[in-house]
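According to my numbering, the sequence shown holds residues 198 to 406 in order.
Watch out, some of these pointers could steer you wrong.
As the list claims (entries may be wrong) - When the alpha-carbon atoms are kept at most 25 Å apart in a straight line, the in silico SDA-like pairs for lysine to any residue are as follows:
#1 K372 <-> E348
#2 K247 <-> A379
#3 K385 <-> I364
#4 K318 <-> A379
#5 K372 <-> T267
#6 K339 <-> Q239
#7 K385 <-> W341
#8 K318 <-> A382
#9 K339 <-> D280
#10 K318 <-> W269
#11 K247 <-> T391
#12 K318 <-> N355
#13 K372 <-> N328
#14 K247 <-> Y303
#15 K247 <-> H384
#16 K385 <-> T375
#17 K339 <-> I222
#18 K247 <-> I351
#19 K385 <-> S358
#20 K247 <-> E350
#21 K372 <-> G299
#22 K339 <-> T233
#23 K372 <-> N224
#24 K312 <-> M333
#25 K339 <-> I351
#26 K312 <-> D345
#27 K385 <-> N355
#28 K372 <-> Y297
#29 K312 <-> C368
#30 K318 <-> N328
#31 K385 <-> D280
#32 K247 <-> Y297
#33 K372 <-> D223
Just so you know, the hints here were simulated from the structure itself, not pulled from any lab data.
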Amino acid sequence: MKQCHTLENWLSWMDALSLHDYVIIDNFLDAGRLHTVQSFFQSHLDVFTKAGIGALGDHTIRKDIRGDFTYWLDRQRDTELQDIWSLIDETIYIYNRYCYLGLSGYEFHLAHYPKGGHYDKHLDQFNNRNNRTISMVIYLNKHWQQGDGGEMEIFLSNGSSLLVEPIEARCVMFKSGTVPHAVLASHKPRYSLTGWLLQQPSALGQFLG
198 MKQCHTLENW LSWMDALSLH DYVIIDNFLD AGRLHTVQSF FQSHLDVFTK AGIGALGDHT
258 IRKDIRGDFT YWLDRQRDTE LQDIWSLIDE TIYIYNRYCY LGLSGYEFHL AHYPKGGHYD
318 KHLDQFNNRN NRTISMVIYL NKHWQQGDGG EMEIFLSNGS SLLVEPIEAR CVMFKSGTVP
378 HAVLASHKPR YSLTGWLLQQ PSALGQFLG
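Can you build the whole structure from these sequences, using the hints too?
This is the structure in structure tokens:
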């Protein structure tokens, strides 16, 4: 497998995630991958659907809690994103090889927050399914600047919080079950590739212990 990032970079990112429960990586997508996913995003906006909360029988639409629209990706169908799938494969390989997580799958969607869209404080887990292990958000916003809104607020264990600006090609990864976060109201359309690296329900690996 041809790596998209150097092992040195990966190990530094894994160290940061292990220490803080999250890591912020700028320029995670190269120009080619960024253009590919941005073009795909724009060409599929008309088939996005209103996002809800919960899974299976618990799934509901709550505009007061979240205001985004999503398009769930499928590797067999969305072959135009082959370079993105390869990057996800690499990410899973690194976590399994160096963090002993035993990840066995993933689920990703494109997310569109229209003007005013937000998502209240939450964890990336369901009441009836808890195998989301690592959350991964890659921002696709061209020319984002302060005042545009849509920041991710990460709530830290010491009671403080951190605002992450949704800058183009920036990636945020964090532990799905332990890092509460929110998306602040966006003042213009906000775009991201968002997903979760999955582990079958079992004992967590050494890295999360």
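Check: Can you name, in rising order, the numbers of the hints this structure does not satisfy?
Finding: Numbers 16, 27, 31 and 32 - these are the hints that the structure violates, sorted from lowest upward.
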